[in-house]
Amino acid sequence: MRTLGYVAVNVFRESVRDKVLYNLVVFAVLLMAASYLIGQLTAGQDIKIIKDLGLAAIATFGLMIAVFIGIGLVWKEVERRSIYALLTKPISRAQFIVGKYFGLVLTLAVNVVVMVVAWYAVLGYMGATVSQAARAAWVAPATDPTMLKAVLLIFVELMLVTAVALFFSTFSSPFLSAGLTVGLWVIGHFNADLRNFEAVVESPAAAWLARGLYYLLPNFSAFDVKYQVVHALPVPAAYLASTIAYGAAYIGLLLVAAVAIFSRRDFK
Amino acid sequence: MTSSSASPSASVTAVALAALLATVVGLQILRERTAPLQSGEAELLYVRSPEAMKRMALSYGPLLADIYWIRAIQHYGDTKRSTEGAKSYSLLYPLLDLTTSLDPLFNVAYQFGAIFLAEPAPGGPGRPDLAIVLLQKGLKAQPDNWRLIQALGFIHYWWHQDYRTAAFWFDQAAKRPGAPIWMAPLAAVTLAQGGNRAASRQMWKHVAETESDQWFRNEAARRLQQLDALDQMDALDRLLMTYQGRTGRPAGGWSDLVRAGMLRDTPRDPNGLPYQMNQGKAALDHASRLLPLPDPARLK
Chain V
1 MRTLGYVAVN
11 VFRESVRDKV
21 LYNLVVFAVL
31 LMAASYLIGQ
41 LTAGQDIKII
51 KDLGLAAIAT
61 FGLMIAVFIG
71 IGLVWKEVER
81 RSIYALLTKP
91 ISRAQFIVGK
101 YFGLVLTLAV
111 NVVVMVVAWY
121 AVLGYMGATV
131 SQAARAAWVA
141 PATDPTMLKA
151 VLLIFVELML
161 VTAVALFFST
171 FSSPFLSAGL
181 TVGLWVIGHF
191 NADLRNFEAV
201 VESPAAAWLA
211 RGLYYLLPNF
221 SAFDVKYQVV
231 HALPVPAAYL
241 ASTIAYGAAY
251 IGLLLVAAVA
261 IFSRRDFK
Chain W
1 MTSSSASPSA
11 SVTAVALAAL
21 LATVVGLQIL
31 RERTAPLQSG
41 EAELLYVRSP
51 EAMKRMALSY
61 GPLLADIYWI
71 RAIQHYGDTK
81 RSTEGAKSYS
91 LLYPLLDLTT
101 SLDPLFNVAY
111 QFGAIFLAEP
121 APGGPGRPDL
131 AIVLLQKGLK
141 AQPDNWRLIQ
151 ALGFIHYWWH
161 QDYRTAAFWF
171 DQAAKRPGAP
181 IWMAPLAAVT
191 LAQGGNRAAS
201 RQMWKHVAET
211 ESDQWFRNEA
221 ARRLQQLDAL
231 DQMDALDRLL
241 MTYQGRTGRP
251 AGGWSDLVRA
261 GMLRDTPRDP
271 NGLPYQMNQG
281 KAALDHASRL
291 LPLPDPARLK
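Chains as they are written, first to last, in this note's numbering: chain V, 1 to 268; chain W, 1 to 300.
Since the hints were derived computationally from the structure, they do not count as laboratory data.
Misleading hints may appear alongside valid ones.
[As the list claims (entries may be wrong)] If you only want the chain W side, here are some residues facing chain V, beta carbon under 8 angstroms, derived:
(1) M56
(2) G61
(3) W158
[Unchecked claim] Here are some chain V residues the structure puts well away from chain W; computed CB gaps all over 12 angstroms:
(4) V9
(5) D18
(6) V29
(7) G54
(8) A56
(9) W75
(10) L87
(11) V130
(12) S263
[As the list claims (entries may be wrong)] Short derived list, chain W residues pointing at chain V, Cβ under 7 angstroms:
(13) I29
(14) Y60
(15) I67
(16) D265
We put the beta carbon where it would ideally sit given N, CA and C, even for glycine.
Next up, chain V with everything else stripped away, as it sits in the complex (with noise of 0.2 angstroms):
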């Protein structure tokens, strides 16, 4: 458990080394200048503007993080040769695959926690200078605590996006594994179709194999509930617990496979 630590606090130490972290300096100033700007263009609305932007740049930044970042973890070590003296360690393969998934975890959860105290003080702002006829309009207030849930649920697809970008990385290239995991990430969004594709086929193994696949692979729309926390309809916590429990399942497979892949590799 220890060696697991270190090996995640290097990944961390690392990423903060690589200036990962002045993302959050963009993301602060996105958010002040649209605040301001968006304040001047629109009619009403500021608000619900300002919240779609902020969860839309929490994990839109999360994204980009755990796609080029996960994608060179593992390829970096090989690529500099320090998988040689690692290895030599008392450091399992396993203990280095899952280390480096949870530093790259702690990278993420230091990045959303910045993130969303940054966008709740520019909206706790927002919605102390508007006046109260204008704050009776709103379906929910400024600084909506069940915001959260959806805040908590891109994290979860933050962390599968991670461990997706890290399963490709043990056996290809950067570039691919890039490509690998965007692709999956897209395909994930459109998972609900495939589901029902037997609407638009008509042969029958069509339908079974989008069926198939529709369960294999990952269903990233099952995360996405921003519109929902924005215009203050009901997540039921059954529906939070049940994704979580279903990223955590697929985040553990995709682990197991990097593992079981990684073990296998020969670096002579």
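Position chain W relative to chain V; hints supplied.
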């Protein structure tokens, strides 16, 4: 040669960067002023299918809805303010349709969009039919939203002069949760006195006093000023007729009425602009923001 002597100093680099940046900005300004290209189709909408856009949006549907909403406002505002002769608001409905398909609960897009669409030329495309389609689409997503139903009533009242239908929608709005208490009397007044200026004034006064959004309050205040202007122009027309009856000739200008002691000064509209005389009748100045006025014949 050492690397330090080969590379330029930091100050030289900074000066070079500043000079190049200034050149880029200067050339951009010069290029725009001296050699503007003739614009073809100024604005384009690459994807018009809401279904296709919903698919392509992945998990960014609400954010894309915001972007299309901002584009709709800009398209409306830019076209309204443009000095070109024939103003085309051709993208307004497609943009609003995309916005509300990407975010079916985007209430302001329905409410503002309906107002923009119904506004007659040159202030808008003059398409109350599309405003009704947009609001009906909103009602499909939110059947209990009294504001959308009320807006539907307004369109029938103000632009179609269909007071029976307007009263029906006001009555429907009154039955929805959260509707203000004045909605039911408004339905009754509309049914009994539709087309009456007093009834119209009452309707807009309610909006001006109770609407939470400043833009809607301003719009209601503008409508009230239009009604005031209609009243004032009627009064001025009566004075002009009296003047003609007394002198046997039409007034050449407001100064004639001032000299005759019928007016103290040149009359001004509710915005402070002087009234004009057009073919012997009072008219608003062409720069008045109260234009276009509702047809006076329909609001007596």
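Now the hints, each set against the structure:
1. The closest approach between the C-beta of M56(W) and any C-beta of chain V is roughly 10 angstroms, which is over the 8 angstroms cut-off, so the hint fails.
2. Taken as an interface hint, G61(W) checks out: its beta carbon lies about 7 angstroms from the nearest beta carbon of chain V, inside 8 angstroms.
3. The interface hint given for W158(W) is violated, since its Cβ lies 19 angstroms from the closest Cβ of chain V, which is over the 8 angstroms cut-off.
4. With a closest Cβ-Cβ approach of about 31 angstroms to chain W, V9(V) is found to remain outside the 12 angstroms limit, as its non-interface label requires.
5. No beta-carbon of chain W is positioned within 12 angstroms of the beta-carbon of D18(V); the least distance is around 25 angstroms.
6. The Cβ of V29(V) lies farther than 12 angstroms from every Cβ of chain W, with a closest approach of about 18 angstroms, so its non-interface assignment holds.
7. A beta-carbon of chain W is positioned within 12 angstroms of the beta-carbon of G54(V); the least distance is around 10 angstroms.
8. Not every Cβ of chain W is farther than 12 angstroms from the Cβ of A56(V); the closest lies at roughly 4 angstroms, contradicting the non-interface assignment.
9. Its beta-carbon lying about 27 angstroms from the closest one in chain W, W75(V) satisfies the requirement of being farther than 12 angstroms from that chain.
10. Distance check on L87(V): its Cβ is at least 38 angstroms (rounded) from any Cβ of chain W, clearing the 12 angstroms threshold; non-interface status holds.
11. Against the 12 angstroms criterion, V130(V) falls within the reach of chain W, whose nearest CB is about 10 angstroms from its own CB.
12. With a least CB separation of 34 angstroms from chain W, S263(V) remains clear of the 12 angstroms interface cut-off, as annotated.
13. Nearest Cβ of chain V to the Cβ of I29(W): about 22 angstroms, over the 7 angstroms cut. The hint is violated.
14. Against a cut-off of 7 angstroms between C-beta atoms, the interface hint on Y60(W) holds, since the closest Cβ of chain V lies about 6 angstroms away.
15. Evaluation of the I67(W) hint against chain V yields a violated restraint, the C-beta minimum of about 9 angstroms exceeding 7 angstroms.
16. At its closest, the beta carbon of D265(W) sits 37 angstroms from a beta carbon of chain V; the interface hint therefore is violated under the 7 angstroms criterion.
Violated hints, in rising order: 1, 3, 7, 8, 11, 13, 15 and 16; the structure is consistent with all others.
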